[in-house]
Amino acid sequence: MIATALSTTGFSQEVFDAFLAERDEPGWLTDRRVAAWSQFNKLGMPNNRDEEWMRTDIRLFHFDRFAPFAGIEAPSELPPALLATGVDLAGRSVSLDSRSLSNEISDECAKQGVLFGSLDSLVKEHGNLLRPYIERQLVDPNQDKFSALNAALWSGANLLFVPKGVKVARPFHSFTAMSAGGVDLGKTLVILEQGAEATLLTETASTDPEAGGMHCGSIELILEKEARLRYVNLQNWGSGVWHFAHQMGHVGANAGLQWTIGALGSRLAKVNQHVALTGPDAEAQVNGVMFTHGKQHLCYNTHQHHKAPFCRSDLLYKSALQDKSRTVWRGMIKVDEAAQRTDAYQRNDNLMLSTAARADSIPGLEIEADDVRCTHGSTSGRVDDHQLFYAMTRGYTRQEAVRMIVSGFFQQVFDRITIESVRDALGEAIGRRVRDIEE
Amino acid sequence: MNEFTPAAKISEITDPGSLLVEIDEQLVVLIHAAGHYYALDDVCTHDGGPLSDGPLDAAEGSIACPRHGAKFDIKTGAALTMPATKPTRSHDVKIEGDQILVRLCDN
Numbered sequence: 001m002i003a004t005a006l007s008t009t010g011f012s013q014e015v016f017d018a019f020l021a022e023r024d025e026p027g028w029l030t031d032r033r034v035a036a037w038s039q040f041n042k043l044g045m046p047n048n049r050d051e052e053w054m055r056t057d058i059r060l061f062h063f064d065r066f067a068p069f070a071g072i073e074a075p076s077e078l079p080p081a082l083l084a085t086g087v088d089l090a091g092r093s094v095s096l097d098s099r100s101l102s103n104e105i106s107d108e109c110a111k112q113g114v115l116f117g118s119l120d121s122l123v124k125e126h127g128n129l130l131r132p133y134i135e136r137q138l139v140d141p142n143q144d145k146f147s148a149l150n151a152a153l154w155s156g157a158n159l160l161f162v163p164k165g166v167k168v169a170r171p172f173h174s175f176t177a178m179s180a181g182g183v184d185l186g187k188t189l190v191i192l193e194q195g196a197e198a199t200l201l202t203e204t205a206s207t208d209p210e211a212g213g214m215h216c217g218s219i220e221l222i223l224e225k226e227a228r229l230r231y232v233n234l235q236n237w238g239s240g241v242w243h244f245a246h247q248m249g250h251v252g253a254n255a256g257l258q259w260t261i262g263a264l265g266s267r268l269a270k271v272n273q274h275v276a277l278t279g280p281d282a283e284a285q286v287n288g289v290m291f292t293h294g295k296q297h298l299c300y301n302t303h304q305h306h307k308a309p310f311c312r313s314d315l316l317y318k319s320a321l322q323d324k325s326r327t328v329w330r331g332m333i334k335v336d337e338a339a340q341r342t343d344a345y346q347r348n349d350n351l352m353l354s355t356a357a358r359a360d361s362i363p364g365l366e367i368e369a370d371d372v373r374c375t376h377g378s379t380s381g382r383v384d385d386h387q388l389f390y391a392m393t394r395g396y397t398r399q400e401a402v403r404m405i406v407s408g409f410f411q412q413v414f415d416r417i418t419i420e421s422v423r424d425a426l427g428e429a430i431g432r433r434v435r436d437i438e439e
Numbered sequence: 001m002n003e004f005t006p007a008a009k010i011s012e013i014t015d016p017g018s019l020l021v022e023i024d025e026q027l028v029v030l031i032h033a034a035g036h037y038y039a040l041d042d043v044c045t046h047d048g049g050p051l052s053d054g055p056l057d058a059a060e061g062s063i064a065c066p067r068h069g070a071k072f073d074i075k076t077g078a079a080l081t082m083p084a085t086k087p088t089r090s091h092d093v094k095i096e097g098d099q100i101l102v103r104l105c106d107n
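These protein sequence lines are chains U and E, in that order. According to our numbering, the first sequence is numbered sequentially starting from 1. According to our numbering, the second sequence is numbered sequentially starting from 1.
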């Protein structure tokens with residue numbers, strides 16, 4: 001067990017060497033990890049003079065205050081999985097503190113050649129199959145210190161591989177938990193070969209909702225031509241967790257990706273979400289639901305990259321902010337010269353439930369083609385007093401009225417989510433958090 | 001009410017000068033000007049910029065944000081110039097021996 005072999009704290013060379021010694025992985029993968037580790041040590045911490053980081057202050061974050069693979073005592077009970085309630089699943093996986101705990105896949109899927117579960121194990125058994133996908137390196141280890149760290153030390157990772165033409169109707173579910181003060185270095189790799197279809201629900205949670213910890217993760221979604229993926233990612237860490245993530249989707253010709261993000265937890269989140277439309281007629285719909293409270297700071301940088309003609313992308317992020325919390329959304333639509341007849345849209349709406357909350361909304365367009373339709377929009381506003389008054393005259397308490405209005409605010413994005421359990425889980429989690437409007 | 005916490009030694013800050021310190025998971029800029037010590041949140045209320053990187057004007061009693069030049073009163077944290085319109089938090093400071101102690105204010 002890694003947990004017992006490593007006791008050194010921090011991200012030291014000793015920890016990395018012991019990590020590698022325990023892995024027993026193919027040489028090509030070890031080489032990649034070593035190169036990324038070298039890059040991690042070379043790169044400096046991002047600082048607030050960098051445009052990408054100037055609104056997200058991480059000077060209070062210190063790597064040496066965390067102990068990866070430190071063998072924190074596993075809790076007797078994991079937090080409940082919200083997205084899987086009442087859902088008939090094709091497979092499920094559970095990990096804790098970057099260690100895989102259990103993996104299940106239905107016999108039917110296994111017979112069709114679907115792989116689902118721990119990437120740590122599956123890469124040893126199916127190295128030749130997975131190598132070209134891992135080597136595509138969708139998330140660039142050189143992008144920043146966090147992407148390099150994840151590339152070097154990912155573990156407790158998830159894989160979903162669906163072979164050519166296989167269509168899986170039932171969703172897969174992956175649950176990633178973190179104990180108090182723990183470290184998660186998870187990675188999610190989804191590969192849909194030509195014409196494959198699947199749904200993957202992933203969610204994260206801390207064993208203690210107030211707990212601290214650190215997540216440095218990555219997500220890579222590879223959709224070959226004509227593949228279709230519905231992917232849901234609910235981030236529900238404890239309120240003291242630092243969350244750093246690089247997420248990248250590659251959508252091939254005639255393929256379709258529906259990507260829904262729910263961001264509810266963590267102390268500070270800095271996420272880069274990138275969707276690349278790489279083949280003609282590819283399509284991506286990106287949905288984001290954020291609810292912040294306390295002193296939370298959630299920063300999402302989204303990127304819709306049109307590389308091929310006739311592609312469509314549609315992004316909608318909606319945030320409600322309570323207390324002294326803050327959200328930052330920076331969105332970019334980039335259209336390459338070859339991507340004629342692009343149809344791209346991005347929108348961010350913010351509902352301010354407190355005068356002390358703050359939302360920064362920064363949409364952007366970078367267009368090199370000359371025959372496109374690219375539009376964006378952003379709104380920020382408070383709850384309308386007249387709506388509150390009207391609801392209260394109909395017998396609702398003030399809190400019920402606020403909850404109803406917040407729920408209505410998110411309805412537009414919930415309507416786009418086609419999975420009932422996801423709609424219910426997000427709606428319920430947000431409803432529990434809403435208190436009142438603060439002057 | 002919070003307790004006074006040792007934040008730095010007197011010898012660590014010249015006059016005039018400033019020093020960034022971390023107190024109870026918060027970033028605070030300690031300021032030494034005209035023989036007095038002050039403590040402010042290290043955040044510009046306009047754009048979140050780090051005041052500890054900005055110029056200190058001891059004669060005027062202000063510190064400016066390095067991004068857009070908004071000035072804040074080093075004694076009270078009041079916003080003195082645009083584009084900031086809201087004060088940044090100021091904290092209580094006292095000296096004991098060679099130690100600078102800071103008590104974080106709650107609001």
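Take the hints with a grain of salt, since some may be wrong.
[Unchecked claim] In the DSS-like style, the derived pairs of lysine-lysine whose C-alpha atoms are separated by at most 27 Å in a straight line are:
1. E/K86 x U/K324
2. E/K86 x U/K295
3. U/K225 x U/K295
4. U/K164 x U/K295
5. E/K9 x U/K324
Bear in mind the hints are in silico, worked out from the structure with no lab data behind them.
Here is what the structure says about each hint:
Under the criterion of a C-alpha separation no larger than 27 Å, the hint pairing E/K86 with U/K324 is consistent with the structure, at around 14 Å. Restraint check: the Cα-Cα separation between E/K86 and U/K295 comes to about 18 Å, which is no more than 27 Å; the hinted pair holds. Among the hinted pairs, U/K225 with U/K295 is inconsistent with the structure: their alpha-carbon atoms are about 43 Å apart, more than 27 Å. The hinted pair formed by U/K164 and U/K295 fails the criterion: a straight-line CA distance of about 46 Å is larger than 27 Å.
For a cut-off of 27 Å, the pair hint linking E/K9 to U/K324 is broken: about 32 Å separates their Cα positions.
When held up to the earlier numbered hints, the structure conflicts with 3, 4, 5 and fits the remainder.
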